[in-house]
Structures are given as structure tokens and as C-alpha cells.
Amino acid sequence: MQRIGVFVCWCGSNIAGTVDVQAVSDALKNEPGVVFSTDYQYMCSKTGQDLIQDAIKAHDLTGVVICSCSPRMHEATFRKTVAAAGLNPYMLEVANIREQCSWVHKDIKTGTQKAIVLARAAIAKVHLNAPLTPGETPVTKRALVIGGGIAGIQAALDIAEAGFPVDIVEKKPTIGGKMAQLDKTFPTLDCAACILTPKMVDAAQNENIRIFSYSEIAGISGFVGNFSVQIKRKARFVNEDLCTGCGACVEKCPMKKVPNEFNLGMDNRSAVYIPFAQAVPKVAVIDPDACNMLKNGKCGLCAKVCTAGAIDYKQRDEYIDEKYGAVVVATGFEPISLQKFDEYAYNSSKDVITSLEFERLTNAAGPTAGKLLRPSDGKHPEKIVFVQCVGSRCDGCSEKGKPYCSKICCMYTAKHAMLTRDKYPDTEVYVFYIDVRTPGKNFDEFYRRAVEEYGVHYIKGAVGKVTPENGKLLVQASDLIDNKQLLIDADLVVLAAAIEPDKSARPLATQLTASMDTNDFFTEAHPKLRPVESPTAGVFLAGACKGPKDIPETVSEASAAAAKVIGLLVKNKLTGNPCVASVDALLCSGCSACQNVCPYGAITYEEKEFRMPDGVKMRRAASVNPAVCQGCGCCTVACPSGAADLLGFTNRQIMAEVDAICR
Amino acid sequence: MQKMTREALLEKARELLSSGKVSAVLGWKKGEFDYDVTPAVFDSVDALEDFVWGDFCGANLSKYLIKETKKHRVLVFLKPCDTYSMNQLLTEHRFEREQVHAVGVPCDGMADINLLRRKAGEGIVSVDSIGEEIKVETLYSDEPVIIDRREVLLERCVNCKSKKHAAFDELLSDAGEDSSSDRFQDVEKLESMTPDERFEFWQNELSRCIRCNACRDVCPACTCETCVFNNPSSGAENKAPVNSFEEQMFHIIRAFHVAGRCTDCGECARVCPEHIPLHLINRKIIKDMNAFYGVFQAGAEVGAKSPLLDYTVSDIEPGAVFDGRDHDA
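In order, the protein sequences belong to chains A and B.
Residue 1 is where the first sequence starts when you use our numbering, and the numbers rise one by one after that.
Residue 1 is where the second sequence starts when you use our numbering, and the numbers rise one by one after that.
Isolated chain B (complex conformation) (with noise of 0.2 Å):
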């Protein structure tokens, strides 16, 4: 369960709609089932029935600023992690500050209704959320079974970078602290294989790909006017798995389209469908730059340039890859 409560949030919605300051809210609303929650826009105080808050309110929704500014000035809530997205759409010049009121919402990490159904069972009907337990009641048990809310975290959550907000106009609570996370650790377990396993590993994963576009639609580092794939005369068009190397094309396109101005947000890996944890080839892009270049955070403040986009003298030289150097001297 969250801590700050939905009543908190819709409060606050209210008083900027009925006062005129934002004429639109960004918030999530429930979809069909209690963990089918999705982003959503309300333009008015009654629409606001259907918001909702809870351990399912995953997504981030910076993304949504870049539509919505253009017609209203937008309430958004955003937790910690979220704050970076909207940074770094900022420093892209993506849409105007002033048509953002920015509520930071505090975050006890949120639920992965994957791993959730790896606990609980298929057939879920509710999920109720008390404290630091879940209770999920399936259509194939009489009793509700009762799960460690903090055994069904979101990988990004379990490795959270941060619980302080790195924009706002206002918190909902106290400014939250930076967290130390060890998200590294996975991506160091696939530097730890050989070449021939991790290709393995990827070709595995990859191979799954149904070209859905999720991640790509998610992202919110992905907000070209006309994406690649989507323009034929980019030549990247229609990479689609007609072959194994094309369906790996697509997410390392991907990768290296979002390099330096990926914040880690972790949307790609948790609405892919195909489970794909597509997260780590961006996470291990950061770990690199990280080390060649200095520990740099893409939106943690706008107008810093990625260390891809800027030059120091004391920048590695690009021969040091291919040295087989010692990345993390």
C-alpha cells in the first residue's frame, strides 16, 4: 500500500481544476481489473471519479506532458523516478515549463503484477492492497492469498535510484532521500559472461520480440515527430523479426537512439509483454558512460548535457574499447 493516500492526491486535483490553475490533470484511472491501471487525462473535477493510487500506479506519465501542454496547462503527478523523464523532456525542449504544475507523490515502489501472478496464481479478480501485504483473490481459490507486498516490486523499484523528487512546483510530503540501489548488479552478471553465452542469453530473450512497439510507445526518450521505424526513407524502416539479426536490430537501434538521455525509468521492461528486460541493454549503455566519462544521471537537472553530447579533454579516448581497458579504472 501506498502511504500517501488517493484521498491526498485527488484533494489536491481538485483545488487546481476548480481554481483555474490547470485546466487538465494527468493521473492514472482503473482498467478493467484493480492492476490494470493506466494513465489517463481528466479535464474535469467529476471526471475525477476514476482516478486511482495505489501499488499500480507504475506508469510514468512525463511522456503524456509533451500532447497535453499543447492544449491545457496539466497537473501532473509524478513520483521520484518520473521527475527525471520530465527533466530530461525539458532539457529537449519538448514542451513549455510553465504549462506543467509538477506534484511530486511520494513512492513505496510499485507492484509487478507479473511476478504477482508468479505468487498468486492466473485468474486474478482483486487485489487489495493493506499495509505491507496483498491480498489477491483468484477465480480458482475460495481464499484470497495473502503476498509480501515487497516480494512483488517492480525491478526498478527494488533497485530504486532515487525517493527524492528531481523537479516539482510542490510535494505532497517531506522531500524524500536519495536511495542506494545496486543496479548494476545485473547488467555486471552479463559483462561476467563470455561473448558466446551472452549472445546466447540476448538471442533468447530477443527472440520472444512481437514487434508490438510497447516499449517504443512507452518510452518517453522516444518522442520523435516521425519515428524511424516508422519512415520510409530512414532505411531503419520495418525492422521487424523477419530474421534473428533484424529483431535484435530494433532494440539496439533502440539503445543507442536513447543513449545518454535514457533516465532509467524502467517503462520498457515493465510493459513488455514478452517479459523482455529490455531495461538492462539501456542500463548497461549508462554503466559504460559511467565509466568513461563520470557518474551522469540523464534528467537530474535540465539543461545538463549527456556526456555523449559533450567534449572534455580529459574525455576517454574512443581507442580505450577497443584496448580491452579495464572499463571501471
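This is chain A alone, in the form it adopts within the complex (with noise of 0.2 Å):
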């Protein structure tokens, strides 16, 4: 029989508030085996930690339960508590009486009813608890960032400077991402493309960092410390190590008609393109849905221009293998497709634009050369309308929108209104608003700045509809503080899309089994404490990726990750965790279905030598071998005999919670 121990944490008010704790510490005393039991304000303090350590040694305990926040939390400190008390750790259970009870309950009667049942599951558990002893797995000592722009650049570096190893992989012909395709950025106006084209330099210069422009993840396997990823590096059609950048096949390619992605599709490439001026790598692409050579056969021009002889129409995907002990998610961000907002005419007017396509039409590397000029007949725009949160804070229209607010919109709205004042004085700027949410150094003062000094009208209202008529666009407003209907007849229409992330996130994760939001932004292992690390070891977050974030926050949280990531690799081997599968040999009838379903090839077969009363028989029977095995516990699931039982959460274990539950 064990001794055992239940310690009943308050956490403050947060459980004691809901659940009568002294009452649980109570009924906890009659529960066999319970020896101690007692209730504590914060468990997790030096005082509260030193309050078990002493009740270990005072009753001998041998397994303790501790009522509290989620294992998720404290477990990890917990067990050390008790280790260092001199009992296995993983003779500790933890119930979960906060988040599962005190703050899912608000009547303390009904709170009280179901932490003492917890704490009986627990206990039950801990019965049937045995000492276990964690092996040791090495660290592949190489770092994986997924997606090259600002977040992956800065991530990328900070862990090539440390000194190991990193790939990017961008799945663009190059990298820098939606930053490169700003013109300038809030709230200090540098240009873009001078802070970042160094940045994307530096990470091509730099030995320890590999890029795989083009290229996309096909596979993830693996865990901490030893990632599999097999990376697909598409077809360009242009031998990267040969193409010089030097554009005689992009002057001479007679497809001139693809529209730029690069500029929103405002103007035209040709099929054999490099991305923009400052790309990098400054490779070629040949695109197969446009070349004819591809398409046809019929052409080849690009391929006789070129004297380094790059261009290579026989070119297939090809796949990479590689391993890596840490993976940073940088996956970023796509502002939402405006298809269903037909109020504001986005899809019938080319002069009703996003607030990105804005951006390129201010870049004097853009389609009209930096001329702010209106899309339909190349002139210059008198009149402005911004439309604010388009698609964000949506109120049961999620049909249509988020429900997030997009966050970067407010800022980058006044940049484009201030900007357009300060370069043409003569036209008038309206930018309509919910709320204008400027928190941030140096922002409100920005925005301020755009009302007081280059007398933006900011008026708050929401625009109903958007007409053209006649060359002009009729906005249809309400102004909701002076409490009236505008009707204003703009030359352009800014419309501040909301974002979304990236349309490759969600497979990702998937294959991460890193979890997500319901909007599909990766979820961090704690928002504030941990807030750069995904649930899954070794899986770290950077950047729009889990949530909207502008350039100075990607830029500290893709550091702060190279930091996680660096702190990872600097450690030659990783205590594994002992709670692994185990096959009782006896009752395996040697079917695969956990050699199957086991992600990461922990499970093998041999013919084993039974003992059995009619003699000696060979069988096939499963082993697993515990310095691969994770515990993710597919295999108990799957085995059809229940021969395979995951040590630290046995079938016997969790039976015997479900029917202390029930009981």
C-alpha cells in the first residue's frame, strides 16, 4: 500500500475563490492510502514546496498528489520538489483543480463536488504509480526556419551568429517576404527596403545559413532534438549555382504578360522573372504556367541569352533530407481575400485598392515608380478615402471577416495618410475608423501627428458603400460624432484588409502537431510566460504566425525564439521522458499495428522464445525501444490485443481514474 500525500494548492484566489479547499483537504484524509493531506495558499512557493518536502520525510510518504493549477503548469516543478525530498518524481500526480474545476465552476458547492472527485482520480492513479527513470537522446545540433521573411531572417541570423548551423526554407523564389514589398515603415519612416535588403544579405553571406528559396516542407518527423524534414526544392528551371542574376533572359523572354505577384498583379513580368531588383538568391525563375517552352516546346530564347548556360528546361523537384534538433515557425501572414466585401466595389473598381497594393503603389520601386497615380487611367488622385478594419473586429459577420482585430492597420493607415499629405499637399485625406489603436513606442504621437501637423481628416464612422460613377468613387459614411451622413465623391479607395495567417500554416502545424487557434495562428506553450515556444518540444514561434504583430515585435520575437532555439542546441544530449510505451511480449500477436501508426520508428520485430506449457514456441512479437520512443501512446490505441501499455499511463492507471470518477 502506498503512503501517500495530498497537497490542496488555493493559488491565491484563483482556486480557493470556487473551491472550498479546506473541505478537499478534508475528504481527501478517508481516501485509502492518504496518509496527509493538508491545503497550502501557493503551493508552488518556496514555503509551499519546503511544506512538501517536509511532509515526504515526516510520514514517509511515498506518493504524493497535489491539487492544483494544470500539470501543464507546475508539474515539471513539482516533480522536482519531490525529487529533491528523495522520491521518484513520477511518483507525483498532479489534479488539476484550477483550470478544469475552480474556473470552469462558479458555484463553490459544485467546484468543491468536483475537485475532491479529481483528486480521487489521482489518487487512484497514484496507487498503481511506479518509479521511473528517464533515458538520454542526442541533439542534432542544425536549426530549421520556416519562412524567409523578417521574422525568419532575424531568427536565422541570431542562431547563425551563435554559431550552428540554419536553413530557410521560403517557399517564394526569394526571400524577404511582406516586408520587402513595403515602402516605408512606422513609426520612424525608414525605407523598408534599406533596413531589410542588408538583413537578407547578410543571411546569404552568412556560412552557417543555407537558404532553400522556392522550396516548401513535404515532411516532418521526429521530436526534439532530432527533426526529420524532407524539404522540396521546386523545379525553377534556372541552376541556381550558374544564374548570375543578370537579367539578359528576363529582357529577352517574349512573355511579357504575367501579371507580378510582387505588385499585386498592378503590372506584368515576364515568364522567366526574378522577383524584384534586391531579391535574393538573385536567381532566375522560369514560370511552367507561362513559359512556352515549357508549355509547348516552342522558343527557348532565355536559354541562348544565357552565357552562363543556367537556364535548364529538364529541371524536376527535388527532395533534400535533412535533420535538425529545432524548428522556428515564421510562416507569417496573407491579407484576407476582400472577394465578399462587395460594399466597398473592390472587385468592380480598379481604383478601390488594399492598403499593400498602396504600399507598392508609394515604392519608387513599384509599378508607377513611386507617382502615386490612380490604377484606372494613370492620374493623380485628389481625393483619398482609408478605410479602416476591413474584414478585422467582425461581429457575427465571421462569414465575411475576423474577429480579431488586425492590429497593424491603425499604424500603417496614418503612415500612408501622413505620407500622401506630405508628398501632395493638395489632396484631401479621409481615413475612417472604428477605433484608432495606436499603443506602442513612439506610435500615438505618429498618429497625432498625422491629424495635427498633416491634417488627415480621422473620422469615426463606418463606410457603407462604394460607388463608381463616372470616374469618381461615391462614398457613402456616416460620421458618428458629429452624428451625420457623408457622401464623399473620392478618386481612390484605401482598404485596410485584415490579415490571416498563411494559407500553408494549418498542414504545417498538422505535421508539427503543433496546435492552433480556431483562426489558425499557432498557439504559444504560454502566452505570457513562454510566449515564443509552441506546445510541442523543440517547435518555436516567430512573428505574424501566431497572431498580428507589426516589424519591431516579429523582430524581438524571432530573437527571442533564436535564443530558445540557441539554449536548445547548446545541449549535447536531452533528458528524454521515461513515461514511453512498453509491449507485454506475451500477449503480442506480432499484427504491426503499432509499427504502423508509431511516428518515429520506435517499434520493431523480432521472433521472441515463449515458454509456453506445451513447449517452446517462437512468435513475432513487437519491442520498442525507449530512446526513440516519445509516448505519444498511438500504439496503445492501436494494438488490437491491449498488449501495448504506455509506461506512467497504463490502461490500469487510467481505468482505475475512470472508475474512481465514477465511483
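No wet-lab data here; the hints were simulated from the structure.
Treat the hints with care, as some may be off.
Here are the simulated DSSO-like pairs of lysine-lysine, each with C-alpha atoms no more than 30 Å apart in a straight line [stated by the list, open to error]:
hint : chain 1 : residue 1 : chain 2 : residue 2
1    : A       : K608      : B       : K67
2    : B       : K29       : B       : K70
3    : A       : K57       : A       : K29
4    : B       : K21       : B       : K3
5    : A       : K402      : A       : K441
6    : A       : K608      : B       : K21
7    : A       : K340      : A       : K400
8    : A       : K423      : A       : K379
9    : B       : K305      : A       : K608
10   : B       : K21       : B       : K67
11   : A       : K172      : A       : K298
12   : A       : K608      : B       : K71
13   : B       : K21       : A       : K617
14   : B       : K305      : A       : K617
15   : B       : K163      : B       : K287
16   : B       : K71       : A       : K617
17   : A       : K350      : A       : K172
18   : A       : K323      : B       : K305
19   : A       : K298      : A       : K314
20   : A       : K472      : A       : K184
21   : A       : K528      : A       : K114
22   : B       : K67       : B       : K12
23   : A       : K484      : A       : K350
24   : B       : K305      : B       : K284
25   : A       : K172      : A       : K257
26   : A       : K608      : B       : K70
27   : B       : K189      : B       : K119
28   : A       : K340      : A       : K379
29   : A       : K617      : B       : K70
30   : A       : K484      : A       : K465
31   : A       : K304      : A       : K171
32   : B       : K164      : B       : K287
33   : A       : K617      : B       : K67
34   : B       : K305      : A       : K232
Computed far set for chain A versus chain B, every beta-carbon distance over 12 Å [as the list claims (entries may be wrong)]:
hint : residue
35   : N292
36   : K314
37   : R449
38   : K472
39   : A560
Even glycine gets a Cβ: it sits at the ideal position worked out from N, Cα and C.
Mind docking these for me? Both chains are given alone in their own frames, and the hints should help you get the complex.
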């Protein structure tokens, strides 16, 4: 019989507010095997931990149950506590009476009752606990950064600076991401290219960094310290090592009518192209959907003019397998599609544009060489209406937009308005907003400058409809402060479209078994205390893949994620998880179901000898390599014979918990 | 009557036994009555005298290969639907393929003695199939009763899933064809019931269970070294019909146990002495799996991964079940 001690934590008023902790502690005194039960205000504090350690010694405890917050929060803390008092750390169970109890119940009676039941389950489990000893696994000292925007570049640079090799996988032909498309950056108004492109070059020149551009993640398996990743390098039909980026092919290519993605389709590029002048790698790529040679074998001009002999029409997708110790996800964002927002005439008028398109229109390298001209007739717009929160902060219209605030729009719209007034003082600028949200260093000052110094008309209210008429855009809007309806004959309407996670994020999260929220943003291991870590060990998060974010925040997160990666890669060995699978060979029928589902390749089959009543038999049976097993438990549910079991979470332990709850 | 004759099977059995290519033949032998046909192992040409082949050879012989191949190289006669079970067992590494010489026998559908009894009455003393007619003599009537064979086929033969052998070393006839069946019709009927009606239906059916374990013992997917119901440390031992809940648990545990591995061979329902339509539980799971992960037939090929043991990025999110989303969509 175990000698069990129960420790009920108040968590200040977090638990004690909805659970009668004293009653819980008293009720549990009568459970079988419980020799000590008490409660304390903060069990995780030094005093609380001392209390546990003293009780272990005084009462000769063999098992400990802590009723507190989620084990995700403090199981590790308490394991160390009991270990310091001489107990095996796996003789501890945590009953989650905060997240699963006090936080979800309002009524003290219900909360108390449920806390007792949860604790009973934990006690029933501890009775069947056995001491476990973790093994060790080596660490592959190489990091993978998925996404080559500013977040990915910064993370890669920092990891590389610390001396670890790092690979960037970017699906576009060049790194740089969204920031490369921007003109100026708030609040200091430095030009995006001037601060980004040197970093892109740094990344390319750093000998610890390999850039896989025009590449995708084809598969990921493994676990912290030991990820196996397959990278698909899409055929660019240009030999990256030979191409000098001279651009002769681009010039000669006869197929010049392909919408240019980099300028958001506002001008055209050729079938063979370099995304932009500062692209890294500065290597041409052939668009197989547009190239005549690839489509029907007629042309071949680019190969003729290429003095480097880099054009290779026979190039095929290539797959590279590499091992990594850590993964940084920096997949970034995309503006949402405005297909469903017909009221703003985005689909029917060329002069209704998104803010990102506006960036390209004002960018010196953009389709108008930086001159602000209307896309429809190339004339200078005299009246511009900016509409904020298009698809952001949508309430009850989630079909159309997003429930969250996209965070960056207030600042970039202030920037757009201010820069327009600065360059074209004769242009009238209106901004329609729900709220202006400008927290951040020098942010509010920036917005006020737009209003006070540059005379931008900020109007609190919504735009109801935009109607193209006689070359103008009639904007119907309401002014909520003056309580009147407005009708503005604008020349250009700019929509601050909500941003959403990149479409590649969801399948990637599935492959990484990293969790996501309902909006497909990656979730943090802890939103405050572990903001750049995914709950999946070894997977780190940076930038807009986990929520709308501006450049300063993105860069600091990238460096934070890099610091976490470095902290992992400097270790030679990682302490494994002793809660691994084991197979009872006597029950195993050798069907291979467990081997089929094991994501880590930890299960092997061999002919084993069995001494049976009717003699010695040879039979095929499974065995688990505990150094490779990560304790996911897939095999235990796949096994049709109940032969596979998970140490620390055995079927018997779980059934004992269920029985205790149903008692 | 089966178009393939007993003599054709016997000839093959004699040939292989006497040439020494196999040392045992898995077939069927007559019991006390004509319809009482049971699986049997014949280890000599002489023993083959008891060998039968006819409308009551419904028993699927695949499962016996596990035991017999340990002792012999075995000639096994397999009807098309039986071959799926053999493949599934091979997928699960339950015996060595080299130990088996599988002879595919064409099948014209097997008769269900229970349906026959319902039509001809109790006290059947002899059954004789001639063409599409079955002549039944009973204790209680002087005149034999003539019954249309097609009206007394086993449910699984009415809804035959294939006349084509999924695996064989040789065929006694030309290769058959896949049949199109409406085997999910009965499942749909159950699905269209309200939860209360459905509960009552199963309560009624399962309340007859006497826990004879025939369904388990005959099931070619039930081949564990130690069955959980016999294992004192499994926690599921003795899930006997102590109360109405537990008698259902036995069948529900069994259905989940064979999920993704059940070939829908229908042996469970065939052997149930209480005539519980156990195949419907398994078939419901097969139907759901087909809807969720695409059509999958366990045992169609050796080594194929069941969708329950496989993962693809396009797999349906588990939440779909709770969303109440249309399963057939």
C-alpha cells in the first residue's frame, strides 16, 4: 500500500475562490492510502514546496498528489520538489483543480465536489504508479527556420551568429517576405528596403545559413532534438549555382504579360523573372504556367541568351532530407481576400485597392515608380478615402471577416495618410475608423502628427457603400461624432484588409503536431511566460504566424525564438521522457499495427522465444526502443490485443482513474 | 446447388496430398445432419471420404490457417469472400504465406439453415440441393418441401461483396467479378432511427446474448494470443451479461477491436445461436470509415494499411463526428 500525501493549493483566490480547499483536503484524508492531507495558499512557492518536502520526510510518503493548476503549468516544478525530498519524480500526480475546476465553475459546492472527484482519480492513479527513470537522447545541432520573411531572417541570423548551422525554407523564389513589399515603415519612416535588404544579404552571405528558396516542407517527423525533415525544392528551371542574376533572359523573354505577384498584379512580368531587383538569391525563375518552352516546347530564347548556361528546362522538383534539432515557424501572414466585400466595390473598380497595393503604388520600385497614380487612368488622385478594419473586428459576420483586430492597420494607415499629405499637400485624405489603436513606442505621437500636423481628416464611422460613378468613387459613410451621413466623391479608396495566417500554416501545424487556435494562428506554450514556444517541444514561433504583429514585435520575437533555439542546441543530450511505451510480448500477436502507427519508428519486430505449457514456441513479437519512443501512446490504442501500454499512463492506471471518478 | 462439384475439389485435394505438396487439407465435413457442416482438417487421402462441398459450406476456413500452418503445409479451399480474411491475416503476420496453397472455389451463395427452418419447419432430417431448388424432408411431413434456394441464402450472400477471389494460388474456375451489393441498406435503416429507437433495437437484440463466445471464436479478426475477455489483468475480463450494460459492452468492445480489420465476412452473425445481427455493428463502422476516409475493404490486398492505422493530411478532423456534419458528404 502506498503512503500518499495530498496537497491542496489555493492558488491565491484562483482556486480558493470557487473551491472550498479545506473541505477538499479534509475529504481526501479518508481516501485509501492517504496518510497526510493539507492545503496551502501557494503550493508552488518556496514555502509551499518546503511544506511538501517536510511532509514527505515526516510521514514517510511514497506518493504525492498535488491539487493545483494544470500539470502543464507546474508538474515539472513539483516533480523537482519531490525528487529533492528523495521520492522518484514519477510518484507524483497533479489533479488539475484550477483550469478544469475552479475556473469553469461558479458555484462553490459544485467546484468543491468536482475537485474532490478529480483528486480521487489522481490518488487512484498514484496507487498504481511505479518509479520511472528517464533516458537521454542526442541533439542534432542544426536549426530549421520555416519562412524567409523578416522573422525568419532575423531568427536565422541570430542562430547562425551563435555558431549553429541553420536552414531557411522559403516557398517564394526570394526571401524578404511581406516587408520587402513595403515602402516606408512606421513610426520612424525608414524605407523598408534600406533596412531589410542588408539583412537579406547578411543571411545569404553567412556561412552558417543555407537558404532553400522556392521550396516547401514536404514532411516532418521526429521530436525535439531529432526532427527529420524533407524539403521539396521546386523546379525553377534555372540552375541556381550558375545563374548570375544578370537579367538577360528576363529582357529577352517574349512572354511579358504575366501578372506580377510582387506588385500584386498591378503590372506584368515576363515568364522568366527575378521577383525584384534586390531578391536573395538573385536568381531567375521560370514560371511553368506561362513559359511557352515548358508548355509546348516552342521558344527557348532565354537559354540562347544565357551566357552562364543556367537555363535548364528539364529541371525537376528535388527532395532533400535533413535532420534538425529545433524548428522555428515564421510563416507570417496574408491579407484576407476581399471577394466577399462587394460593398466597397473592390472587385468592380480598379481604384479601390488594398493597403498593401497602396504600398506598391508609393514604392519607388513599384509599378508607378513611386508616383501615386490611380490604377484606372494613371491620373493623380485628389481625394483619397482610407477605410479601416475591413474584415477585422467582425462581430457576427465571421463568415466574411475575422473576429480579431489586425493590429497593424491603424499605424500603416496613419503612415499612408501622412506620407500622402507630405508628398501631395493638395490631396485631401479621409480615414474612417472604428477606434484608433496606437499603443507602442512613439506610435500615438505618430498618429497625432498625421491629424495635427498633416491635416488628415479622421472620421469615426463606417463606410457603408462605395459606388463607382463617372470616374469617381462615391463613398457613403456615417460620421458618428457629428451624427451625420457623408457622401464623398473620392478618386481612390484604400481598404485596410484584415490579415490572416498564411495558408501553408495549417498543414504545417498538423505535420508538426503544433496546436493552433480557431483562426489558424499558432498557439504559444504559455501566452505570457513562454510566448515564442509552441506546446510541442522543439518547435518555436516567431512573428505573425501566431497573431497580427508589426515589424518591431516580429523582430524581437524572432530574436527571442533564436535565443530559445540556441539554448536547446548548446545541449549535447536531452533528458528523455520516461513515460514511454512497452509491449507485453506474451499478449502480442505480431500484427504490426503498432509499428504502422508509430511516428518515431521506435517499434521493431523480432522472433521471440516463448516458454509455454506445451513447449517452447517461436513467435513474432514487438519491442519498443525507449530511447526513440516519445510516449505519444498511438501504439497503445492501435494494438488490438492490449499488449502495448504506456508507462506512467498504463491502461490500468487510466481505468483506475475512471473508476474513481465513477465511484 | 453449387455449380462447382465436390468431385472437382476432391480431385484437387487428392492430387496435392498424394504429391506431397501439402500435408493437410482444410475443408468441410458433414455433421450429424446434412446442414451441419463444420470445418475440418484432412491429413490423408483416405480421410477425404468425409469431405463435403455444398450449400452449407458457409464456414470461412481462413482462421484455421493460423493453427494448421504451424504443423503442415496446407491446402485450403476458399470462397471469394473468405480470401479477404486470409489476406487480412497475412497483413497481420498471423502465418506464413508459403505454408498455404490457396485454391479458389467459386461460390453461388450459401444457404442459411435458419431461413430454411423458417420455411420448411422444424425437424429437418435431410436437405438436398438440386439446381436452384432445395428439397427438404422433415420428421413431420411425408412429402418433401421444395424451397427456392435464392430465398434462403445467408444475408452476406444476398449482399455478396465479391465473386472475385482477392488471393489464390489457383482457381478451380474462371475468375469471378466484383458484385455490387446494397450491404449498407440495413445500416441506413438503423441510422434513420431515433437514438431511442436504435437503443431499443439493440437492447432487444443484445439481450438475447448468452455469451457463448461463438462470434469471437469464429471471427477471423479475433486471433489475439490472449483474448482480453479471458485476461484477468485486462479489466475487461468477465464482461458477462451481469446486467444489460455489460452484455452490450462485450459486443461493443469486440466491434472496436475488429474495426478497420473486419472484412465483413459475416461469420459472427452466421454462427450466433441467438440470431443477433452482429454484422450490422461492424458494418456500421465500415460505413463510417468509408465516409470519413474513403472506401476501404479490409483484406483486399495484403499489407494495405487500414485508415485507422494510417494518417494522411486530408484525413477528416475528428471533430466532424461531433459537429453532426453529414457523414456522406
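Results of checking the hints against the structure:
no.	hint	verdict
1	K608/A with K67/B	holds, 18 Å
2	K29/B with K70/B	holds, 22 Å
3	K57/A with K29/A	holds, 18 Å
4	K21/B with K3/B	holds, 27 Å
5	K402/A with K441/A	holds, 26 Å
6	K608/A with K21/B	holds, 29 Å
7	K340/A with K400/A	holds, 6 Å
8	K423/A with K379/A	holds, 15 Å
9	K305/B with K608/A	holds, 25 Å
10	K21/B with K67/B	holds, 18 Å
11	K172/A with K298/A	holds, 26 Å
12	K608/A with K71/B	holds, 18 Å
13	K21/B with K617/A	holds, 25 Å
14	K305/B with K617/A	holds, 28 Å
15	K163/B with K287/B	holds, 21 Å
16	K71/B with K617/A	holds, 12 Å
17	K350/A with K172/A	holds, 26 Å
18	K323/A with K305/B	holds, 27 Å
19	K298/A with K314/A	holds, 14 Å
20	K472/A with K184/A	holds, 28 Å
21	K528/A with K114/A	holds, 28 Å
22	K67/B with K12/B	holds, 22 Å
23	K484/A with K350/A	holds, 29 Å
24	K305/B with K284/B	holds, 19 Å
25	K172/A with K257/A	holds, 20 Å
26	K608/A with K70/B	holds, 15 Å
27	K189/B with K119/B	holds, 25 Å
28	K340/A with K379/A	holds, 28 Å
29	K617/A with K70/B	holds, 10 Å
30	K484/A with K465/A	holds, 15 Å
31	K304/A with K171/A	holds, 28 Å
32	K164/B with K287/B	holds, 21 Å
33	K617/A with K67/B	holds, 13 Å
34	K305/B with K232/A	holds, 25 Å
35	N292	holds, 34 Å
36	K314	holds, 29 Å
37	R449	holds, 48 Å
38	K472	holds, 46 Å
39	A560	holds, 30 Å
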